[in-house]
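Read top to bottom, the protein sequences are chains A and B.
First residue of the first sequence: 45, per the numbering used here; consecutive thereafter.
First residue of the second sequence: 12, per the numbering used here; consecutive thereafter.
What the hints contain is simulated information worked out from the structure, not anything from laboratory work.
Everything numeric in this text was worked out from a predicted model, so none of it was measured.
Mixed in with the good hints, there may be bad ones.
[Claimed, not checked] Simulated pairs of lysine-lysine, DSS-like, Cα-Cα distance not exceeding 25 Å:
1) A/231 x B/131
2) A/132 x B/143
3) B/130 x A/218
4) B/138 x A/96
5) A/231 x B/138
6) A/218 x B/182
7) B/205 x B/130
8) A/231 x B/96
9) A/132 x B/131
10) B/178 x B/96
11) B/114 x A/132
12) A/216 x B/96
13) A/218 x B/131
14) A/140 x B/96
15) B/138 x B/182
16) B/138 x A/218
17) A/132 x B/138
18) A/216 x B/138
19) A/132 x B/96
20) A/132 x B/130
21) A/96 x B/96
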Amino acid sequence: MIKKIVFWLLFSAISFAQNQESKSTEKTVKFEETFRIYYVIPNQIGNHSLAKDYENRFGFGSKLTLVSIKNFNLGFGGEYVAYTITDKSSAGNFSKGNYKNAFFLVNYPIPISSKFTINSNAAIGVLEFTQRENQVRQSHQNGTNFRLGMSTDYELGKEVDVFFGIDYIYTKFKLNANPEIIDYFGKSNNLQFTIGFNFKSPKQY
Amino acid sequence: MCKKIFFFATFALFVESCNVPYDGDERYLFETTVVDSNNNPIINKEVSVYFYNGDYYDNDSNFIFGERAFDNIISGNTDANGTIKLAFPFASNRENLVIKIGKESSGFLRGEFELINIKKQNFTNYKLLEPKIIIYNFDEVVNLNVNVLNSNSSKYISKLEFLGIEKKSVKNFNIIESNAMAIPVTSSLYIPLKNQNATIKYEITEIINGQLLKSIVEEPISIIDVNLTYTITL
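Given only the sequences and the hints, what does the whole structure look like? Please build it.
See the structure below:
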C-alpha cells in the first residue's frame, strides 16, 4: 500500500508540473502529451495458471506520455484485465480473477509515411492480481511485469490516431510455494493485442 | 482534462481494501494417492480442502460443529493413478484445515476418510504429502464391540487399542494430549478388516495405597466375517 501511495504522489507531481521551455536550441527535451485509450485482448501462452485455469473476459488500458527526450517518449500507463476461472480444481474455489497493473513506459515513434507511424515501446510495472467470488475479493497477489511491444498508428486527424498494437508481457508474481508449483502459479507470459485511439497534443513547450 | 480523467480512473483501480480472506502470496500443496484394499488406484474420487477456526474435533475425532463453520477453498478428483495434487492459498483468519476424501453415504458432513487439525507447521516446504490413503468398502469390514466388565473399584482400564488392520476414517495431525487423569474405558467400537488375526491391547490402572500402578495386557483375537463382541473382565 505504501508503494502505491508513493507511486501516485510522484505521478501526480509530474502530471501537474508547470510547463518548461528547453534551453537547448535543438529542443532535445520536449513536453508533449499523448494519451492512449484502448481495448485489451490478452493471450496467455505457456504452461502457467493464467493460461490453463482462466479465460479472459475483457480488458482496457490507458497510457499517457508527457515528455520526449531525443524522440524517446516517457510516460505512464495502467491496465485492467478481467478473467473467468475455468478450472476451480487448480485455481481455487473462486469465480473470477482481475489483473491490474500500472507501469512506467518509454516509446519511440518511427514515421513510415505521412499517415502511418510505428511505435516501439517498453515498460516496467507493478501489478495486483485478485481472485473474487460473488464480487467479493477473496485473495490477492502482487508482482512485477516487463513488456516489449509495438503498435501501428494511422492518423485519422491532426489530433487523433487509431492504432493496433501487440505486446509481450512477462509477469513475475510474488509467491512462496513448493518448487513443484512455483513456476505454474508464479509466472505468466502474455502476447497481448490492443486496439484503440491515440490523442495527441499539438502544443510544444 | 484527459490527464485528470486518466489519473483518477487508473488510481481508482488500486483503491481497494487490502484485507482479504486468503493470502495469495503463498500456495500450499497437498498430494496423496487413494487406493482400495488391494492397492488398486481409486479413480475420480473427490478430494476437498476446508478451512475452519479452532479445534472443531475432540480428541476422539468427533465433529463438534457443522458444515457451515467450514470454508471450501478447493476441490478436485483423483486421476487415473488415484493421485491428486491440490494447491491453495492459506486462509488469513483461519488456523486449521481439514481434507476430506470422498463422501460418506450417511450424510454430507463426513468424508470416507478425513485428515483433520492440519496446520501450517504440518507442511514441509509448503507441501503436505500423505503417501497413501486406503478406502475400504463396508463389505470388507465388520464391527467389533469391546466391552469392559469391571466389578473391582480399585482398578480400571485407562487405555484400549486394537492392533490390526482397521477401516480408519480419520487421521488427526495435531492430537491434544491431556494431562488429566485418564477416564476409565468402558467400551469401544472398532471396524476391522474381516478374516484376520489381531490383538486387543489395554492398560490396567490399579490404585494401591494411593499410588497408581499401570500394567499392559495384550490378548489375541480372531476377526471373522461377522460382527463381534469382545468382553474384558477385570
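Violated hints - listed by number, lowest first:
Numbers 6 and 7, in rising order.
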